[in-house]
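Trainee: Input sequences plus hints: build the corresponding full structure.
Using our numbering, read the sequence shown as starting at 3 and increasing by one per residue.
The set of hints was computed from the structure by calculation and includes no laboratory data.
Incorrect hints may appear among the rest.
[Unchecked claim] Dumping the calculated SDA-like pairs for lysine to any residue here, alpha-carbon to alpha-carbon at most 25 Å:
# : residue 1 : residue 2
1 : K753      : D820
2 : K803      : M777
3 : K691      : A657
4 : K843      : R952
5 : K691      : D875
6 : K843      : R973
7 : K351      : R321
8 : K722      : R973
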Amino acid sequence: MQRPEIRSRQGELRWAAVNDVSVLPNTPFNGGTNGIDLDERRNKVQSRGRQQRIRARIQDAQQSDISHQVLNQGQNETQTLTQGQIPNPGPVPPRNDSQPRSPGSDPRDVPRQRPAPTLERSQPSLSSMNPATTRQQMSSPQNFEVLNQCNSDMSLYFDDLANMQFDECNNYVSATGYSTSEQLVLDPTSVEWDSFPSDADTSLEIIESQPEADRSRSSTRPVFGTTRTFQQSLGPLPSRLPTCTEEIAFNYFMTDASPRIPALDSTKNPFRELCRVSISYPLLLHTFLYVSAANMYNYSRGDSRVMEERRSKALRSLRSMERYLRLSNTKEASLVSKEHHVISVLSLKEVTLAAYLIHIASEVMTGSLTTDTHLRNAFKLVIELGYIDKMPEGFYTRFLVQRFAMIDVIMSLLRRRKPLAPESFILYQQHEGADLDGPSFRELTGCPQPVLYFLAKISILATDVELENDACLAEAYQLETIMRDWGSRKYPMPLSVAAPSNSPLSGDGTASQDDHLSTLNACFYWMAHLLLARRVFMDPTASCRVQLYRKHLFSLIDRLPAGCGPDSSLPIPFYMAAREAILPLDLFWGGFWVEYYDRAKSIYTMAPSATGLQLSVSTLSSTPVLSEKTAHYVETWSKHIRGGFPTLPVAVESAKDHIITDVDGKEYIDFIGQFAVMNFGYSHPKIAKAAADQVYKMPLSGTAHISPLYVEFAERITKKFGFDSIATMLSGSEAVESAVKIARKWAYLKKGIPQDQAHILTVDQCYHGLTLSTMPMATITQKHFGQHLPNIGPYSPTSGKLVPFGDIDALREVFEQDGERIAAFFVEPVQGWAGTVVPPKGYLKAAQDLCREHNVLLVCDEIQAGYGRTGKDLSFHHEPELEPDMVTMAKGITGGYYPMSVIMGKKHVMDLLNKNEILSTFGASPIALSAALATLDVLEDEKISSRSERLGNLLEKTIKELRPPHVKELRGVALFQSLVLDLNVPGVTPRRVQALAAHHGVLVGIGADRLRFSPPLTITEEDLVKALHVIAQCLEEVTGLGDFAGSEFLN
3 MQRPEIRSRQ
13 GELRWAAVND
23 VSVLPNTPFN
33 GGTNGIDLDE
43 RRNKVQSRGR
53 QQRIRARIQD
63 AQQSDISHQV
73 LNQGQNETQT
83 LTQGQIPNPG
93 PVPPRNDSQP
103 RSPGSDPRDV
113 PRQRPAPTLE
123 RSQPSLSSMN
133 PATTRQQMSS
143 PQNFEVLNQC
153 NSDMSLYFDD
163 LANMQFDECN
173 NYVSATGYST
183 SEQLVLDPTS
193 VEWDSFPSDA
203 DTSLEIIESQ
213 PEADRSRSST
223 RPVFGTTRTF
233 QQSLGPLPSR
243 LPTCTEEIAF
253 NYFMTDASPR
263 IPALDSTKNP
273 FRELCRVSIS
283 YPLLLHTFLY
293 VSAANMYNYS
303 RGDSRVMEER
313 RSKALRSLRS
323 MERYLRLSNT
333 KEASLVSKEH
343 HVISVLSLKE
353 VTLAAYLIHI
363 ASEVMTGSLT
373 TDTHLRNAFK
383 LVIELGYIDK
393 MPEGFYTRFL
403 VQRFAMIDVI
413 MSLLRRRKPL
423 APESFILYQQ
433 HEGADLDGPS
443 FRELTGCPQP
453 VLYFLAKISI
463 LATDVELEND
473 ACLAEAYQLE
483 TIMRDWGSRK
493 YPMPLSVAAP
503 SNSPLSGDGT
513 ASQDDHLSTL
523 NACFYWMAHL
533 LLARRVFMDP
543 TASCRVQLYR
553 KHLFSLIDRL
563 PAGCGPDSSL
573 PIPFYMAARE
583 AILPLDLFWG
593 GFWVEYYDRA
603 KSIYTMAPSA
613 TGLQLSVSTL
623 SSTPVLSEKT
633 AHYVETWSKH
643 IRGGFPTLPV
653 AVESAKDHII
663 TDVDGKEYID
673 FIGQFAVMNF
683 GYSHPKIAKA
693 AADQVYKMPL
703 SGTAHISPLY
713 VEFAERITKK
723 FGFDSIATML
733 SGSEAVESAV
743 KIARKWAYLK
753 KGIPQDQAHI
763 LTVDQCYHGL
773 TLSTMPMATI
783 TQKHFGQHLP
793 NIGPYSPTSG
803 KLVPFGDIDA
813 LREVFEQDGE
823 RIAAFFVEPV
833 QGWAGTVVPP
843 KGYLKAAQDL
853 CREHNVLLVC
863 DEIQAGYGRT
873 GKDLSFHHEP
883 ELEPDMVTMA
893 KGITGGYYPM
903 SVIMGKKHVM
913 DLLNKNEILS
923 TFGASPIALS
933 AALATLDVLE
943 DEKISSRSER
953 LGNLLEKTIK
963 ELRPPHVKEL
973 RGVALFQSLV
983 LDLNVPGVTP
993 RRVQALAAHH
1003 GVLVGIGADR
1013 LRFSPPLTIT
1023 EEDLVKALHV
1033 IAQCLEEVTG
1043 LGDFAGSEFL
1053 N
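Mentor: In structure tokens:
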């Protein structure tokens, strides 16, 4: 018998609006719901289903030799249904609404009979299999390939199920239609079960999509149910990835974001196989796509907008499934579950459990409170599925349960509470000796089962307030004894933890230095010892025991390959060890940073901050006042100190990372960064150690002798940025002034400009310093300081016209008129003093072309915008074809540890310099050079520029979401931005907002009409968002306050 042809029409699933649904504690999923039996809704459901079937029959008739009578009959029925009438299916027994009606009592309730398709004899029909045995067979990884071979038979079985009609509204929404592509309603995740109004339409709306050829112009919304191939469709619905971007995202998730357990890091990784199995579920497919987008975004390979869209779809799918599981009654759930067990690997509850666990593993590092809700819901599902007391037999289900056990314990440690699951649940997890097929718990999670029990016990002891202190310590000592007895032979600690360990680390005690799985097991074991010491015995970080565990743990982690762990998004040993080793309350952490900074720094910054992202900015209850100690320093400062920047009444005393502490112990988030100096944060361990060591070794060595450090730095920085030579000074103004000297000498000797007529051209609103030589380069020069340096500034030498920044036509006009007199064009690729102004795209390249045409030097000032501040190593790198003749750098070049500025230049310019023409006593200080070399390492190794770009995107997104009042615009790039204020609002001035933000714990820079943001590039996401919330709150409060401490400048 020939197999019937499967025709598929493309349909698009339109989601109804879903409220925020979460499973509340002590509320079962299957709470039951009263069935709604309304004739009007029933008629609509049946009418829509019949319309779809009739259209399918008409298509078949048009494509074959079916008589015109059948075709006309179908068209007539369609017209009748369109007019709101129901064709008479025959005599219907009278219905008595007062009596209960059993399913099947109405002839319309009887499923349409259709002979089952005949399959090849060599392959059994899936519809004839016993549901229980079928699921058990399909749940084994050995049958994965067998199922793929049967995909054509499965497609016929899907088609057979698709034509079954369930018109009983109390049990099913009508699943009608001819082809597989229209059977979205077979998936309960697409059904909205709610207390619908009486005139609501309960059927799922499917709209016809454009042809395949027009798909590029259509919506990119995922289309589920459309059948292209069945090679990877083993779930209840054949689905596919409809767009190239989603296919790329899914493949990225499979190869880069899925767990890399050493024993299973291959094509047979059960988690990856489970991914392939699960893409036929829209719920899991949306979840995978969201996690993939999030991972790609975190590593600067994706777009935040795409991540948010997919997160929204994933949560919407999850809430829809939650609603179905909560409101469907037990009978319906069991029937649907039975049908899905016949043809799928996971039941609907297990699918939901998998989605919960994926969300938790992806968001646990963000500090989001949603993860706790997901975990509680997952625990309720495990209870309802009966897996608390009995291990499931299915391979993939067992994998999910073991994954839940791991996440539950780790979440309890992160949140400092007890695990949700009982100890018996942790104890029965499969161990090495269990008589079950497939990998063990140790192989699936990277953590031995006994160690998981140890971790759970530690979590309980650390949070059990009912235990007396002595009883708690007694249990803790007993637990420590058990742990040592169990792990002394398996994971012994070497005598020297600094040296590479050759100790036996494998599960059976045999030496295996390259056994990554055993190394990962040892990481978990020693993490348990470290947590026991810190959480229960309350050892400080400086204790010998904690330091010993910490050093040994990090030596083990160093032996693991990149990405190795129970889950690449849940690096448990790395994260927990880093967190416990650098607890902010402890003082002794310097050794940890120096020794293990590269990996631990990036992990520690993922740790949830004390406040998390659930921010609450307190409103000032009274006018801000200064403390007695701060008031004393303010008075003395005003009396004796002159010059400098506009000063805030904050007496700072110390700083770490991006946090500044004042003399009263109050902490501030630094959003100034010392005006783009502290790009790498305060007290960066690598830079601080390099500078500190050099102080004792040799603090000063001028250019009268050869400094190996100077040679190394010059070679590295010229090679990195593509220049030939450098000269060093002390400050940024000196570097610009020296560059002017070099440009003038080049103009007189090489270009041939007459003596004393070489002109240095700048642009409007620029800033290159405040010395007598650099001050006239700006538009507005300061008065009463005598004659400035001539032939320099942002005006045309002949016409006197001002040259606006970003106006290439104005620049061309000046070059055409005075190009022969112009020696150099100095420009900031991103203007800082003017308020982080970014020029139009292509402006700098066009300016370079004009310079080449008129034989003018191009000099880029990178003093403020360089070294990662704008998302690139240097800001002129935003235009890749730009090759300036000279570049000036300062500020962040040494990380803020010692002053030094640099002029980098090409050979044809720098070779003109002779001895004694440009020099500085402290310009090439060994302290500055040591710090500069370490800063280069940090810039490259920690990918500071990429981080700045990512955090800049977060800054822009947060400002758009907050919509603070009295703001005209946000401008700039990456972490070099300004918030322009509306000064027409009474009480709104940059100074008042700055002072109020300082009282709230945020230090921000200001300009004439703006707040300036230039925080350390190492600032955490949590504190970045928190600071923006504070600033938005201050903009709301400032109009209601009179004069307060700091609202006026100090002398």
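Trainee: Now, for every hint given, state plainly whether the structure supports it.
Mentor: For each hint, the structure was consulted:
no., hint, verdict
1, K753 with D820, "holds, 14 Å"
2, K803 with M777, "holds, 19 Å"
3, K691 with A657, "holds, 16 Å"
4, K843 with R952, "holds, 20 Å"
5, K691 with D875, "holds, 23 Å"
6, K843 with R973, "holds, 15 Å"
7, K351 with R321, "holds, 13 Å"
8, K722 with R973, "violated, 29 Å"
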